[in-house]
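Chains as they are written, first to last, in UniProt numbering: chain A, 1 to 339; chain B, 1 to 339.
The hints are simulated quantities; they were obtained by calculation from the structure and are not laboratory data. Note that the structure is predicted; figures quoted are calculated from it, not measured. Be careful, since some hints might not be right.
In this list, chains with the same sequence are indistinguishable; a pair is considered to hold if it fits within one copy or across any two.
[Said to hold, decoys possible] Below are the DSSO-like pairs computed for lysine-lysine, each with C-alpha atoms no more than 30 Å apart in a straight line:
(1) LYS6 to LYS196
(2) LYS212 to LYS196
(3) LYS212 to LYS63
(4) LYS63 to LYS150
Protein chains: 2
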Amino acid sequence: MTISEKTMSREVQLAARPQGAPKDSDFALVGRELGQPGEGQVLVRNLFLSVDPYMRGRMNDVKSYTPPFALNETMTGGAVGEVIASNADGLSVGDLVLHDQGWRTHALLPAKAARRVDAMDGVSPSAYLGILGMPGLTAYAGLLDVAAFKEGDVVFVSGAAGAVGSAVGQIARLKGAGRVIGSAGSADKVAHLTGKLGFDAAFNYKDGSVTKLLREAAPGGIDVYFDNVGGDHLEAALFAFNTFGRAALCGAISQYNATEAPSAPRNLGLAIGKQLTLKGFIVGSYNHLFPKFVQEVGGWIASGQLHYDETVVEGIDHMPGAFMGLLDGQNTGKMVVKL
Amino acid sequence: MTISEKTMSREVQLAARPQGAPKDSDFALVGRELGQPGEGQVLVRNLFLSVDPYMRGRMNDVKSYTPPFALNETMTGGAVGEVIASNADGLSVGDLVLHDQGWRTHALLPAKAARRVDAMDGVSPSAYLGILGMPGLTAYAGLLDVAAFKEGDVVFVSGAAGAVGSAVGQIARLKGAGRVIGSAGSADKVAHLTGKLGFDAAFNYKDGSVTKLLREAAPGGIDVYFDNVGGDHLEAALFAFNTFGRAALCGAISQYNATEAPSAPRNLGLAIGKQLTLKGFIVGSYNHLFPKFVQEVGGWIASGQLHYDETVVEGIDHMPGAFMGLLDGQNTGKMVVKL
């Protein structure tokens, strides 16, 4: 037996369950020694870590579609990294891999739990955490499958400057939407939506009643609503829907930090007469669309037709701050942590 | 020219738009003379008139899927009657017809607007206002098409003792539901559901929290919810839904008399993780299912497998009271007015 070389991983653990908005003291940065990979394992040096709104839900101790994070254990999440030691067939040192052992600088994991991805010319590996990864697939599947988008539809997306929302709006445009409308939380984001991202209209939801702002942006009503926000945005969409409108319910970021039950969309009864369909979904149910998604969206990226933004925060020690900033809307496009 | 024989029709008009629950003074009974049928017209003596919850919405001056009733004009609604004079090909004196000129004892209308129906042995013509008419088709289409019912599903229906609800539960049972649960507003109705109608479980929603009552009745959760009520019932269903649950949103009787926005459901966010589909509908979009519906449901009635109830009120002068009683839950099964 030889004495294994040790690797020090710096990792973020959940120190306390946030009450409302998370704060610094809810997180703890710890060091952990990792050994060499056992049979079938690889050791990965992470290059980029993902922070995503859904993680907020996992910080609560409630049953959801993903189990809660444990206290005083390292959290998990999307990560892309480079294999630095391999004891498994199929993965070699230097391979770029996508996996779920985020919130840490290094990961020791079964090769089966890592997926090799291709480095693309001119595209940062972080794209696999965003436009070519889970958020991109969420946008693609939610718009095209869940909301059954069809050419000519007027599409409204909330949280439109985020990783998912910016992809939704652009995919809708590229697929022939009649009109694409987005909401975001600052004048800069709104300008970005109607500028570089090619939305037909956009508004800052902090400027007044969402119902009124949406009515002005979509005087002829909407056919599809991609909901990242919930609450007053969903209520506004219900008012704006044309007959046979469809909503893909993807997220409710307006409520993730809430400590009280939200008030209802008070106009849900409109769904009857307007014959609306509201459909909740999680991206995990749409993995079968991945190959088609990568081909189509990868093509749009390569041809420059689809633009994606990243907000990059550097260093594992800034990761809790990045996550809190994400919930506060400080990102444009996908927020990642670069190591 | 001959002097036409006149027929006196007694009719119910909307005298005032109800604020909250309708009251006697919102209605006026008037007499109106009808002449003989003109070219292409028939004169019908109505036998049964329909009162339905959707009519409450038409009494408000708001845009909906049907236009509002006009003040000081005779209201309309389902009616079945006998042709007593015809000036049209295809309809003869003595024919039984279904038409939309209800709320009156006699109707002069284009033959094209009347549909001849067959008198069935042992079945009152009033069935065409209920189980073999609009409410029956609503149940059939909502359960099988809108909610995409499949064998083994656990089905919950609110307003289960009503015309639509009692059909929903029985169709679900006949189609192989795993379990059928109903809610109603009295102990007698609950006993009727689990007795004659063959529901597996039922509860009186006035006995406590609907969420708690439903959890007890459906400990394994529900797959399909047929919503006639809205509000707290929909909230309870959202809590009880299994993954990929489906709701057919048909009515919101809890809110029809409301003068304030409802406070429930506050848990719509559950639709995301549970991947639920909520779909509003109106029966007018499902007329293409009518032939299949009449064949299948008519067969179940003939064989005695499907039971239907009627609450019969006699006399046009009692029609406003019948309607008010309907909104107050005084019916079991379809409520009709016999002339």
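Ascending list of hint numbers which this structure does not respect: 1
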